[in-house]
Amino acid sequence: MVPPTDSRTEIKREGVAALSSVSISHSILSILPYHLAIEHFALPLSIDSKNRLEVLMAYPHHIETLQALQMYTGMAIKGIPAEKEFVLNLIAKHYGSDKKESHDKATVEAVASTRRLQYNPNESTVTIVNDTIHEAIRLRASDIHLEPFEKEMLVRFRIDGVLQEMMTIPVDRLAETVSRIKIMSRMDIAEKRRSQDGRIRISQHGRDVDIRVSTLPTDFGEKIVLRILDKESFDYRLESIGMDPARLLLFKKAIQQPNGIVLLTGPTGSGKTTTLYGVLNFLRDPSINISTVEDPIEYNITGVNQTQVSVATGMTFAHSLRTLLRQDPDIIMVGEMRDQETAEIAIRASLTGHLVLSTLHTNDAPSAFTRLIDMSVEPYLVSSSVTMVVAQRLVRKICTHCKCENTNASIETKKALGLSGDTVIYKGLGCANCGYTGYKGRTGLFEVMPVTDTIRVLINKKAYSSELREAAIKEGMVVLRDNALSALVDGVTSLEEVQREISVIS
121 MVPPTDSRTE
131 IKREGVAALS
141 SVSISHSILS
151 ILPYHLAIEH
161 FALPLSIDSK
171 NRLEVLMAYP
181 HHIETLQALQ
191 MYTGMAIKGI
201 PAEKEFVLNL
211 IAKHYGSDKK
221 ESHDKATVEA
231 VASTRRLQYN
241 PNESTVTIVN
251 DTIHEAIRLR
261 ASDIHLEPFE
271 KEMLVRFRID
281 GVLQEMMTIP
291 VDRLAETVSR
301 IKIMSRMDIA
311 EKRRSQDGRI
321 RISQHGRDVD
331 IRVSTLPTDF
341 GEKIVLRILD
351 KESFDYRLES
361 IGMDPARLLL
371 FKKAIQQPNG
381 IVLLTGPTGS
391 GKTTTLYGVL
401 NFLRDPSINI
411 STVEDPIEYN
421 ITGVNQTQVS
431 VATGMTFAHS
441 LRTLLRQDPD
451 IIMVGEMRDQ
461 ETAEIAIRAS
471 LTGHLVLSTL
481 HTNDAPSAFT
491 RLIDMSVEPY
501 LVSSSVTMVV
511 AQRLVRKICT
521 HCKCENTNAS
531 IETKKALGLS
541 GDTVIYKGLG
551 CANCGYTGYK
561 GRTGLFEVMP
571 VTDTIRVLIN
581 KKAYSSELRE
591 AAIKEGMVVL
601 RDNALSALVD
611 GVTSLEEVQR
621 EISVIS
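All residue numbers for the sequence shown refer to this note's numbering, where the first residue is 121 and numbers rise by one.
Don't read these hints as lab results, they were simulated from the structure.
Heads up, a few of these hints could be off.
[As the list claims (entries may be wrong)] Here are the simulated BS3-like pairs of lysine-lysine, each with C-alpha atoms no more than 30 angstroms apart in a straight line:
hint: 1; residue 1: Lys582; residue 2: Lys373
hint: 2; residue 1: Lys170; residue 2: Lys213
hint: 3; residue 1: Lys372; residue 2: Lys594
[As the list claims (entries may be wrong)] Pair ranges (Cβ atoms, derived):
hint: 4; residue 1: Asp292; residue 2: Ile531; range: 21 to 29 angstroms
hint: 5; residue 1: Pro378; residue 2: Ser323; range: 38 to 46 angstroms
hint: 6; residue 1: Lys204; residue 2: Ser143; range: 18 to 26 angstroms
hint: 7; residue 1: Gly473; residue 2: Val345; range: 37 to 45 angstroms
hint: 8; residue 1: Thr533; residue 2: Arg446; range: 53 to 61 angstroms
hint: 9; residue 1: Asn250; residue 2: Ser315; range: 17 to 25 angstroms
Note that the structure is predicted; figures quoted are calculated from it, not measured.
Even for Gly, the Cβ is constructed at its ideal location relative to N, Cα and C.
Take these sequences, add in the hints, and give me the full structure.
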């Protein structure tokens, strides 16, 4: 173990400013190379008594920065906050002044702008809100979270499925910020005691972007979440969801049948809606009547009749589905099978010559059948109507610009996952192309389960999901865990992403 330096004692006694005169040993500095220190605005200081690397950081609460440092060093990180310019000056001092001069200010600011918004007290609230929305769109964020606390409002973006802290807004600007967003989304600015929903449409670089807005009263004010629906950046192609050619062929065969039910399963945020829209785009044709019942409608697809569920007007999933059946549909998409009534109507529709697409919240494909039976749907109706179940998850893809071998992955870790010790796996170091996260974009993991005669017999017997799973594996089904490991070995995703998903799906 590298012996700790005296910097910890100096910090406790005189504060962060005391580091200006503290000498950091070469052995400590060698733990983190200069290019990573400058990219992440981080300076290693010492190793504490718990074997944690103490790091002076401009963004100590930035989860992706902490993960990147931990991944590279193989150590737990204890972040000590400091101003960015202070950190940069110390990096220049300890790593060499010539390196500071070669890393010009424009480059430093470009790095900072890809990772964090800067709050400017001199800007108007209108400008702050507009800049936040436009920056979220530029960074491919799916959601903006504005969360009020006692002393500030925290602004976070969800990028590739992970929330990242971007900015804090002082509490004295909270009310103005909330009111501005309410005005933009046509909400009642006087109503603060109940939740509200609204929509914003803006134009950026010549394209229209829809934003769905939701407010929620909290202890310190109203929390706002903005869901960004950027149709221009949305890829409708089935080939883009990440399914391998063999299983994609099976999937396409199932969705091209004239009748039956194809179900997509997985937790919230696993990409089910994206896959469904990909299916609708693949199937749409002037000779086919495609109708949907959704809650909410996220993207409008030309040539598809989309209906929004509204409990207030009585347009529930079940009621809307009954109405659709009188509209001469060929293909019906039901956003979610939430209850027995909706499930039974969908099944009857599939048995009378309609193709039905829908989703269920289950952890894997076999559990979909037991879930339907638990909803009091007769087993014989389930076995005779459902033709395929696809379970899915999403993992972040390693950035191709900074992809490198993960030499920190131990042989024991690889063997625990069922891999050989010499298996090469990869990670992303972090660069300007990926916002210094090491990841860019997401891809799907899939478990494709066709309903064969063997599976139908087991469904009619009310077999447990474990029995259905075993039978499906014998017939060639690749489970989610194995798909995740394949993505790891192929260099598509990282060890951390696979470990996160396997802990859920194993």
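Cross-check of the supplied hints:
Annotation: proposed proximity of Lys582 to Lys373 holds, straight-line Cα distance about 27 angstroms (limit 30 angstroms). Between Lys170 and Lys213, the direct Cα distance comes to roughly 27 angstroms. Compliance with the 30 angstroms bound is thereby established for this hinted pair. Among the hinted pairs, Lys372 with Lys594 is consistent with the structure: their alpha-carbon atoms are about 22 angstroms apart, no more than 30 angstroms. Roughly 55 angstroms separates the CB atoms of Asp292 and Ile531, a value that falls outside the hinted 21 to 29 angstroms.
A C-beta distance of roughly 41 angstroms is found between Pro378 and Ser323, which places it inside the suggested range of 38 to 46 angstroms. Under the hint 18 to 26 angstroms, the C-beta atoms of Lys204 and Ser143, about 22 angstroms apart, fit the expected range. For Gly473 and Val345, the hinted distance range of 37 to 45 angstroms is satisfied, since their beta carbons lie about 41 angstroms from each other. For the pair Thr533 and Arg446, the supplied restraint of 53 to 61 angstroms holds, since their beta-carbon distance comes to about 57 angstroms.
Roughly 24 angstroms separates the CB atoms of Asn250 and Ser315, a value that falls within the hinted 17 to 25 angstroms.
Figure legend: structure checked against the earlier numbered hints; the only hint not met is number 4.
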